[in-house]
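**Q** Chain by chain, the residues:
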Amino acid sequence: MISAIGAGALRIAQEVGGIVLLAGQVLRALIPPRMDTRELWKNLYKMGNRSVPIVVLTAFFSGALMMLQAGPFVKKFGATGLAGWGAGYAVLREIGPILIALMFSGRVGANNTAELSTMTVTEQLDGLRALAIDPVRFLVVPRVIAMVVMLVALTAIGDLVALVGATLIGRAMLDIELSSMYYSITENLKPYDFLHGIYKSIAFGVAIAMSSCYFGITVRGGAVGVGRAVNAAVVAAAVSIMLLDFFLTYLTG
Amino acid sequence: MTAVRIADVHKRYGSRRVLDGISLELPRGTKLGLIGPAAAGKSVLCKLICGLEQPDRGELEVFGESVVGKREADLGPLRKRIGMLFQNYALFDFLTVEQNVAFPLEHGFGTQSRDRAGGELTTEAIAERVAARLKAVGLAGSERKLTGELSGGMKKRVGIARATVADAELVIYDEPSAGLDPVTTQKIYDLLAADQQRTGATVLAVSSDVTALATFVDEIAFLYDHRIVYRGPAATIADSPNSLVRQFVRGELEGPLDQAGPGMSSDRSVT
Chain A
1 MISAIGAGAL
11 RIAQEVGGIV
21 LLAGQVLRAL
31 IPPRMDTREL
41 WKNLYKMGNR
51 SVPIVVLTAF
61 FSGALMMLQA
71 GPFVKKFGAT
81 GLAGWGAGYA
91 VLREIGPILI
101 ALMFSGRVGA
111 NNTAELSTMT
121 VTEQLDGLRA
131 LAIDPVRFLV
141 VPRVIAMVVM
151 LVALTAIGDL
161 VALVGATLIG
171 RAMLDIELSS
181 MYYSITENLK
191 PYDFLHGIYK
201 SIAFGVAIAM
211 SSCYFGITVR
221 GGAVGVGRAV
231 NAAVVAAAVS
241 IMLLDFFLTY
251 LTG
Chain B
254 MTAVRIADVH
264 KRYGSRRVLD
274 GISLELPRGT
284 KLGLIGPAAA
294 GKSVLCKLIC
304 GLEQPDRGEL
314 EVFGESVVGK
324 READLGPLRK
334 RIGMLFQNYA
344 LFDFLTVEQN
354 VAFPLEHGFG
364 TQSRDRAGGE
374 LTTEAIAERV
384 AARLKAVGLA
394 GSERKLTGEL
404 SGGMKKRVGI
414 ARATVADAEL
424 VIYDEPSAGL
434 DPVTTQKIYD
444 LLAADQQRTG
454 ATVLAVSSDV
464 TALATFVDEI
474 AFLYDHRIVY
484 RGPAATIADS
494 PNSLVRQFVR
504 GELEGPLDQA
514 GPGMSSDRSV
524 T
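Note that the protein sequences, when read in sequence, are chains A and B. Under the numbering used here, think of the first position of the first sequence as 1, with each following residue one higher. Under the numbering used here, think of the first position of the second sequence as 254, with each following residue one higher.
Check the hints yourself; a few may be wrong.
[What the hints assert, rightly or not] Interface residues of chain A toward chain B, partial, derived using beta-carbon atoms under 10 Å: (1) T122; (2) D126; (3) A130; (4) L131.
Honestly, the hints are just simulated from the structure, not real lab data. Model, not experiment: these values are computed from the prediction. Ideal Cβ positions, reconstructed from N, Cα and C, are used throughout, including at glycine.
Using the sequences provided together with the hints, build the complete structure.
**A** Structural data, given as structure tokens:
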């Protein structure tokens, strides 16, 4: 029992250490920034553009849900002027960044791990090294940058869509005036509420990118290994998102 | 002048012994074939020469430069002098056939060529060389295909085109004829021989098809029980004085290979 716990702790320490080392390599490759710009643009498009529909859908319904949950109480206490603030505060600071990061991890992070791990087991990374090309600089750095940039952009889009979703559902199902929602949001929410979510999305983006790339390039064992790597990357990203969210909220308020 | 010098190289993966005191020299411009049973460590030896793996101990020099203990970044200039065909192709599946073949040229390989411009090949020169190479390996018309759309034999030919497009000084072919029919195999070996004559490159070719390999290389080395146990002229390999080699080349079921099995024999001087 104790040895199993110890082995588990060692394995986690090893994985965390590996991710930190990879992050160091990525940082080193960024000073000065040298990377394949074609790979960067390709990944920005693939990871960002193609994620917009799923993010819009998720964000719309998360905003709508916030309103559905809060609506009956604000109606009951006659505080409809606070409905927009309530939904917006939760969406911008917590629900938006977390849900979009989890969606992004499931869609983009898992795909990234599958791609990189397939390349690893088919010796494509060795092929790059044999051609004197550093796989971290060529494959990992553009992906990390693309994931962080696109998660921030998607979070900003998602925040806007979630507020629209909350407003429309408030009007359609709870008879809250559009103008009332508008003033509730613009007068009560501060720019920092939005930025708070954006800071989080940067941290979540780094966590998703590093874990998905790390498990992708360290995979062993063929097709079975690819499956295990994707699973490990998604779990690691989800746990990281929750831990980071807690500590960022605790530290920054 | 020596292209590759390997002295007493050992390599293990965990408790599994792969190479146990390998020593080998390849003079410049020569063609050496490497044969041996499956899992004898032939591919590992190829990767060691290219610096993709590091030996546990021993010396390994390529063009007089040691590759042991070198950082990845420091191996770059040396790797640009080496062309390598991987056993499992190692083609980039995010690129088309022509992009795969052009990849080494676009990343600074082959700049020793006459048609360079300012240290780098022009786009037109790259396109021309890629088209010529694909035509030579019989893949003209497949330029725009993704590697996932190709058969195993076609992938192998793309790998050969990529390994040879930059006219490297040392070319390592890991199973160049695996997955190819006999006619294509002979065409490929003829092509490799013509390339080698044109460039004067040093060649190390690993293959299980000993008959075809013998038409291409000058000498053949036999890797068995983690060591090179024989090295001799390719033309007379089937009549080698080493009974292990004779049995392996002739594909006979009875003999010392059958009795010992790879990794089990302690007698390395069987004749």
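**Q** Does each hint hold? Answer for all of them.
**A** The hints, checked one at a time:
The interface hint given for A/T122 holds, since its Cβ lies 6 Å from the closest Cβ of chain B, which is under the 10 Å cut-off. Interface hint status for A/D126: upheld, as the beta-carbon distance to the closest one in chain B is roughly 5 Å, under 10 Å. About 5 Å separates the beta-carbon of A/A130 from the nearest beta-carbon of chain B, less than 10 Å, and the hint is met. Satisfaction of the interface hint for A/L131 is found here, the shortest Cβ-Cβ separation to chain B being roughly 5 Å, below the 10 Å cut-off.
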